[in-house]
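Residue numbers (this note's numbering), protein chains in the order written: chain A, 1 to 585; chain B, 586 to 672.
Just so you know, the hints here were simulated from the structure itself, not pulled from any lab data.
Do not take every clue at face value.
What the hints assert, rightly or not - Every beta carbon over 10 angstroms from chain A, so not counted as near; a handful from chain B, in silico: (1) Cys604; (2) Ser606; (3) Asp609; (4) Ser611.
Said to hold, decoys possible - Calculated cross-link-like contacts (lysine-lysine; reagent style DSBU-like; alpha-carbon spacing at most 30 angstroms): (5) A:Lys16 with A:Lys154; (6) A:Lys78 with B:Lys668; (7) A:Lys552 with A:Lys78; (8) A:Lys216 with A:Lys130; (9) A:Lys216 with B:Lys668; (10) B:Lys639 with A:Lys216; (11) A:Lys16 with A:Lys447; (12) B:Lys646 with A:Lys216; (13) A:Lys111 with B:Lys639; (14) B:Lys646 with A:Lys418; (15) B:Lys639 with A:Lys130; (16) A:Lys55 with A:Lys16; (17) B:Lys646 with A:Lys130; (18) A:Lys81 with B:Lys646; (19) A:Lys233 with A:Lys418; (20) A:Lys111 with B:Lys668; (21) A:Lys418 with B:Lys668.
Everything numeric in this text was worked out from a predicted model, so none of it was measured.
For glycine and all other residues, C-beta sits at the position ideal for the given N, C-alpha and C.
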Amino acid sequence: MQCGHCSLGGGGTDRKLAIVGNPNVGKTSIFNMLSGRYAEVSNYPGTSVSIEIAKIHLGELVDTPGIYGFTTGSQLEKITKEYVDRADVILNVVNALTLDKDLVLTRQLIKVAGEKVILVLNQVDNAEQKGISIDCQELSNTLGIRVIRAIATKNIGKEDIYRAIQESSCNLCKACYLRDDSDFNNVNNILERCVTMRNSACHASISQRIDLWLLKPVIGWPVAVAVLYLLFKILGVFISQNVVDSFVSAIDTWYIPFISKYITNLLGSNVFSDMLIGEFGILTMAVKIIVGILLPLITGFYIIMSLLEDLGYIPRLSVITNRFFNAMGLNGNAIIPTLLGFGCGALGTISTRVLETRRERIITTSLISLVVPCAAQQGIIVALLASLNNGYVWFIYIITILMVMILSGSILNMMFGKTHSNFIIDIPPFRIPSLRNCYRKTVYRMKHFILDSLSFFAISSVLITVLHSTGALLWLQAKMSPVVETLLHLPKEFSDIFVMGILRRDLASVGILDMTGLYGNESILNTSQILTAAIVITLFVPCINAIVIILKEMGWKLAFALWGASFAISIIVGATLARILEIVF
Amino acid sequence: MIVVTVVCGYVKSGCMLSCRSLYDLSVGESDRICDFEDEVTADLLTSVGLGVGKIVRCVFKSGTMVITTSYQTIAICQNIARKIYVT
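Just chain A, same shape as in the assembly (with noise of 0.2 angstroms):
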C-alpha cells in the first residue's frame, strides 16, 4: 500500500522511526515498552545522553536523548535532529502532567515533519491523579496529528502505539493538517481547548511542599550529609565488613583450592598455569577481586543510586551544589555527569553531554578524571578507611580531595576564561521507586561492568604474571623507587600498584586492599601510608576505558593533558601529604 503523501509504505520492517521529546517525560520507558529491551530510565532530566537503537516488527526504532527545541544548537539537539530528518514515524512522547512545555517542541516537530509526527501521551494516569483531564480527540484536531495515550510503566498503549505506526503512512496524511494556525502557534490556545482542570489541581503537591524544605541549603546540605552517611553505612560497614568478607572467605577457603588443584592437575606447573592460578592469576585473583571484592561493593551502592535517581533527589542535589559548582565556573548541572562518574568515569564523560558549553564539559570531564573515583574503587576505598577506625582519616581524606577538586576547576576556570554558567533546571517530582526498573538498572549496569571489566582483569593479570616471572616487576620496582619511597613514603611493592592502575584504577585498589592485611595477608602498610595510598589512587590517571571515551568525546589533546596532570598532581599531592601525616599520626 503507497501513500501519495508522504511515498511510504503501510507496513514494512526497514522503516526508521524516532522517539523524541523533552527531557524526562518517558521516552526510553517507551523505548523499552515497544522493544521489550531494557535501557537506562530515572527521573532526572538528561539519562539518556546518546542514541538507543532496538529492532522491532515495524522498523528500527530509535530513542534519542531528550532536548527542548531546535533553536540553541547543542550538540544532543544535533543528534536528535539528524534522526528526526531520516526518520520515517517521529513518535513525539510528551508528560501528559507538562503539556504546556512540551508541546512547544511538538509543534517545531509537526513544522519540520507534518504528518509523521504522532504524539504519545505519556503518564496520563499521574495528571488524572492531579485532576487532569485531556480530551485527546480535540487535541488531535487542534494538532492534525494523531494522539495515543500511555503509560509506559504500566505497559499501557503499546498496542495503540504500533496501530498507529502501521497506519502512519497513510491514514495521518488524510486526517492531516486540520488545524488552524493561529490557534496551532499558541500553546495556551491548545491547552484552553484541550485540558480541564479539576481546582485541586492548582493547589502545591506534595512535592512541591516538600521541595521548599530540601531545596532550602540549610536543610538541602544536612539530609545530602545524611544520604552520603548512610551510603558510607551501607558501603564501608555492611557490605565491606560482613558481605565482602564472607565472599572472599568462601573463595579463599572453597574455590581457589578446587579450582588451584583441577588446573594443576590438568597443566602440570608451568608459566601458563601460573597466568591461570598464580599470584596474579586470572582464575584465582581476577575471580576474587571482581566476584569476592567488586560485586558486591558496586552492587550496593548502584542500588542506592538507582533508588535517588528514580526518587528524583538528583535534580534537587544540583539545586543546592549549584553555588559550590560556581566557584569552579559551572552550575548545578554539573553534580549528574559528577554523581554518574561516581559510578564509571567514562559514564560521566559520556554524561558531559547535558552540559550546555564546550568549556563547561572540558571542565567537568577534568574534574571527573582528577578527583572522582569509580563506584569500584570508591568501594575499596570506603573499605580501606573505615578499617582504620578512625573519624581523622575521613576528615583528612574527604577535605584533600575536596581542596584539589576546588583547586583544579578554579584554574580550569581561569585558564578557560571567567565566564556566568547558566543554571535552570525542571525539578521533576518525587516519585516513589519502582523497584523493577531499580533491579533491571542494577542488573543492566552489573552486566556492563563485569563484560568491561573482565578483559582488563585478564590483561592485568597476564601482565603482571609476565612481569613477575621475568623479573621486570623488580627492575620497575627499582626504577620506580625514587618516586614510590623517596618521594611518598611506601614500600617498594607499590610499584606493582602503579602498573595496575594505569590499566584501571579499581584493581590498583584492590591491591592496596592486599597490602593492608585486611583480607587475611599481612599488612606492610601502617595508618598514614594507607591514607596516602588512598589519596594517590583517586588522583591517578583514569582507567584506560575513560581516556579512549575522552579522547573521543573531547579530543586527544585534553586526553594526553590529563593523563598526564593526573600523574603529576597524584605525586604532589601524595609526597605533601605523606610528610605531614607522618607529623600527625
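Using the hints, position chain B against chain A.
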C-alpha cells in the same frame, strides 16, 4: 525619557513597561511573566515551559531562585532571573 525609564524600571523594544525583574519577587509572592530581556533568555525559558503570561510563585531565593507554577518546580540562577520581567 530618562525619568520615565527610571520610574518604569525597564525599557524593552522601545516600549516602556511597568515591570520588575523576577528576582525582585519576595518569597511567597506570585506574579505574571510579562517579558524577557532578550531572545536567548526567552528560548531558555521556553525550554522549561515558562512563557509570557505564566503565573509564577517564588518559593525560595538565595543566589539560586526556586519558583513554582501549577505543576512545575523550577530552579533558576540569579543571572537569568534578573532577565525575566514580571508584572
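Status of the hints after comparison with the structure:
no.: 1; hint: Cys604; in the structure: holds, 20 angstroms
no.: 2; hint: Ser606; in the structure: holds, 15 angstroms
no.: 3; hint: Asp609; in the structure: holds, 18 angstroms
no.: 4; hint: Ser611; in the structure: holds, 15 angstroms
no.: 5; hint: A:Lys16 with A:Lys154; in the structure: holds, 25 angstroms
no.: 6; hint: A:Lys78 with B:Lys668; in the structure: holds, 27 angstroms
no.: 7; hint: A:Lys552 with A:Lys78; in the structure: holds, 17 angstroms
no.: 8; hint: A:Lys216 with A:Lys130; in the structure: holds, 26 angstroms
no.: 9; hint: A:Lys216 with B:Lys668; in the structure: holds, 23 angstroms
no.: 10; hint: B:Lys639 with A:Lys216; in the structure: holds, 24 angstroms
no.: 11; hint: A:Lys16 with A:Lys447; in the structure: holds, 28 angstroms
no.: 12; hint: B:Lys646 with A:Lys216; in the structure: holds, 9 angstroms
no.: 13; hint: A:Lys111 with B:Lys639; in the structure: holds, 24 angstroms
no.: 14; hint: B:Lys646 with A:Lys418; in the structure: holds, 24 angstroms
no.: 15; hint: B:Lys639 with A:Lys130; in the structure: holds, 19 angstroms
no.: 16; hint: A:Lys55 with A:Lys16; in the structure: holds, 10 angstroms
no.: 17; hint: B:Lys646 with A:Lys130; in the structure: holds, 27 angstroms
no.: 18; hint: A:Lys81 with B:Lys646; in the structure: violated, 36 angstroms
no.: 19; hint: A:Lys233 with A:Lys418; in the structure: violated, 39 angstroms
no.: 20; hint: A:Lys111 with B:Lys668; in the structure: holds, 29 angstroms
no.: 21; hint: A:Lys418 with B:Lys668; in the structure: holds, 20 angstroms
Violated hints, in rising order: 18 and 19; the structure is consistent with all others.
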